[in-house]
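Novice: The residues making up each chain are set out below.
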Amino acid sequence: MLKFLFTVIRRDVLLAARRRGDWLTAQFFFVMVVSMFPLGVGPEPTMLRTIGPGVVWVAALLASLLSLGRLFADDYRDGSLEQMLLSPYPNTLLALGKAIAHWLINGIPLLLIAPVLGIQFNLPPEALWILVLSLAIGTPILSLLGSIGAALTLGLRGGGVLVTLLILPLYVPALIFGAGAVEGVISGTGAEAHLSLLGAFLMMSLLLAPWVSAMALKVSVE
Amino acid sequence: MTQSMLSAHDLACERGDRLLFRNLGFELQSGEALMIRGGNGHGKTSLLRILCGLSAPAAGEVRWRNQPISQAHEQFGREMAYIGHANGIKDDLTPVENLRLAAALGGRELDVSQATRALGQLGLSRCLDIPARVLSFGQRRRVALAGLMTAGAMLWILDEPLTGLDVHGVAMVEQLIRDHVVAGGMAIMTTHQALALDGVTLRSLSVGE
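The listed protein sequences derive, respectively, from chains C and U.
First residue of the first sequence: 0, per numbering that gives the first Met the number 0; consecutive thereafter.
First residue of the second sequence: 0, per numbering that gives the first Met the number 0; consecutive thereafter.
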């Protein structure tokens with residue numbers, strides 16, 4: 000069982016490594032969107048510090064949506080998704096493996112760039128740490144919930160826009176608690192409460208999302 | 000009396016509002032091949048997808064070793080191999096990587112020499128380490144068929160296995176199916192071309208008449 004999970008993850012990471020161009024698009028998008036804000040809003044330090052956490056988080060949501068379109072679509076088109084659904088292991092594991100791989104490929108790079116982008120917004124060092132921590136807990140949620148949307152819209156025309164409409168509302172709690180944690184540090188109220196809630200939300204997504212997206216995959220492939 | 004391995008009972012299939020077929024049933028024992036016949040749009044592919052468990056029938060059920068396939072997901076997944084219209088080959092991986100990955104996803108170990116041998120048998124020994132992207136349509140079909148050989152499955156479900164194959168390819172597939180069925184395996188297939196399967200118990204079934 001675990002071996003199957005690792006094989007699914009290894010497979011997706013290998014495929015991403017073979018197509019680096021596709022993979023880098025979402026990362027560059029993230030950097031670009033975040034960098035546009037200081038240029039557009041102006042160099043007022045207190046203002047930048049206030050909007051910083053929210054901007055980084057919203058950009059992370061959009062970047063993850065951008066890469067979600069391809070989560071199942073390529074495998075659906077070339078028939079390998081069917082083959083994986085017919086494998087002797089539960090389809091829930093397949094959905095979980097795909098979501099974990101999506102996080103490794105698209106989530107972790109965001110964590111690494113985020114502190115550098117935070118500096119543009121004049122965030123203090125302790126807030127930068129919390130920003131990375133909140134993204135570390137939050138980006139897996141984006142991959143897990145996003146896999147539901149990607150599975151539901153598989154094979155539909157205009158699926159990309161539909162994913163956005165379906166999934167963005169589900170991302171709202173992650174956005175509120177994630178950005179809230181960083182703002183808490185800046186305003187001095189602390190980040191623990193927000194981070195705990197974010198952690199609880201992650202646990203819930205981890206339990207429910209693979210199961211739901213496995214069912215959605217079954218329906219979409221039919 | 001031999002017990003039937005695969006059986007279908009009163010299957011019905013709907014696409015949209017249209018009823019493609021109903022009251023369709025058959026039994027298949029090991030060492031038998033079943034050819035599904037019917038014109039375009041009569042539901043051959045839909046039937047095969049129901050038989051392999053990708054779609055649910057509108058009525059009826061499919062049983063494998065006397066268990067409904069929806070409950071025997073694990074066992075059926077191990078003993079059944081399916082090739083659909085799409086090959087299930089990743090364009091960015093080489094044929095050898097494709098076969099090894101497919102085996103790993105099925106819970107099997109496949110070393111490079113075994114994969115190479117299967118690909119060589121299908122006439123692909125010259126393109127073992129180039130990405131599948133640059134292979135021709137027929138060559139990619141052959142990679143999928145090589146995957147069938149290494150799957151070690153008892154039941155093969157093949158949807159138009161001859162698409163894109165040249166004369167040698169067709170002869171290879173005939174040989175492959177013959178060997179598999181004579182050795183006690185089972186095959187269910189659709190094709191619009193004539194297959195020479197001498198020495199094989201070939202039954203046929205018409206859909207959507």
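Hints listed in this document are in silico derivations from the structure and should not be mistaken for laboratory results.
There could be a bad hint or two in this list.
Here are some, though not all, of the chain C residues that point toward chain U, as calculated from beta-carbon distances under 10 Å [as the list claims (entries may be wrong)]:
#1 Lys2
#2 Phe3
#3 Val12
#4 Leu14
#5 Arg18
#6 Asp73
#7 Tyr75
#8 Gly78
#9 Ser79
#10 Leu80
#11 Leu85
#12 Ser186
#13 Thr188
#14 Ala192
#15 Met214
#16 Lys217
Anything over 12 Å on all C-beta distances counts as not near chain U; from chain C, calculated [what the hints assert, rightly or not]:
#17 Phe5
#18 Leu13
#19 Leu23
#20 Leu38
#21 Arg48
#22 Arg76
#23 Glu81
#24 Tyr88
#25 Leu93
#26 Leu132
#27 Leu174
#28 Gly198
These numbers come from a predicted model, not from an experiment.
Where a beta carbon is used, it is the ideal one built from N, C-alpha and C, also for glycine.
Novice: All the hints need checking, so say for each whether the structure fits it.
Specialist: Consistency of the hints with the structure:
1. Lys2: With a closest approach of 7 Å, the Lys2/C hint holds.
2. Phe3: Check passed: Cβ of Phe3/C comes within 7 Å of chain U, closer than 10 Å.
3. Val12: violated (12 Å)
4. Leu14: holds (6 Å)
5. Arg18: holds (6 Å)
6. Asp73: At 8 Å from the nearest chain U Cβ, Asp73/C passes the 10 Å test, so the hint holds.
7. Tyr75: holds (9 Å)
8. Gly78: holds (3 Å)
9. Ser79: Holds: closest Cβ of chain U sits about 4 Å from Ser79/C, inside 10 Å.
10. Leu80: Holds, because the Cβ-Cβ distance from Leu80/C to chain U comes to roughly 8 Å (cut-off 10 Å).
11. Leu85: holds (6 Å)
12. Ser186: violated (48 Å)
13. Thr188: With Cβ-Cβ at 48 Å, over 10 Å, it is violated.
14. Ala192: Violated. Min distance 42 Å.
15. Met214: violated (12 Å)
16. Lys217: holds (8 Å)
17. Phe5: violated (9 Å)
18. Leu13: Answer for Leu13/C: violated, closest chain U Cβ roughly 8 Å.
19. Leu23: holds (15 Å)
20. Leu38: Correct as stated: the minimum Cβ-Cβ distance to chain U is 37 Å, above 12 Å.
21. Arg48: Arg48/C is indeed farther than 12 Å from all Cβ atoms of chain U, at 43 Å.
22. Arg76: violated (7 Å)
23. Glu81: For Glu81/C, whose nearest Cβ neighbour in chain U is about 6 Å away, the distance does not exceed 12 Å, so it is violated.
24. Tyr88: violated (7 Å)
25. Leu93: violated (9 Å)
26. Leu132: holds (34 Å)
27. Leu174: holds (34 Å)
28. Gly198: Given a closest Cβ separation of 32 Å, the condition holds.
Checked against the numbered hints above, the structure violates hints 3, 12, 13, 14, 15, 17, 18, 22, 23, 24 and 25; every other hint is satisfied.
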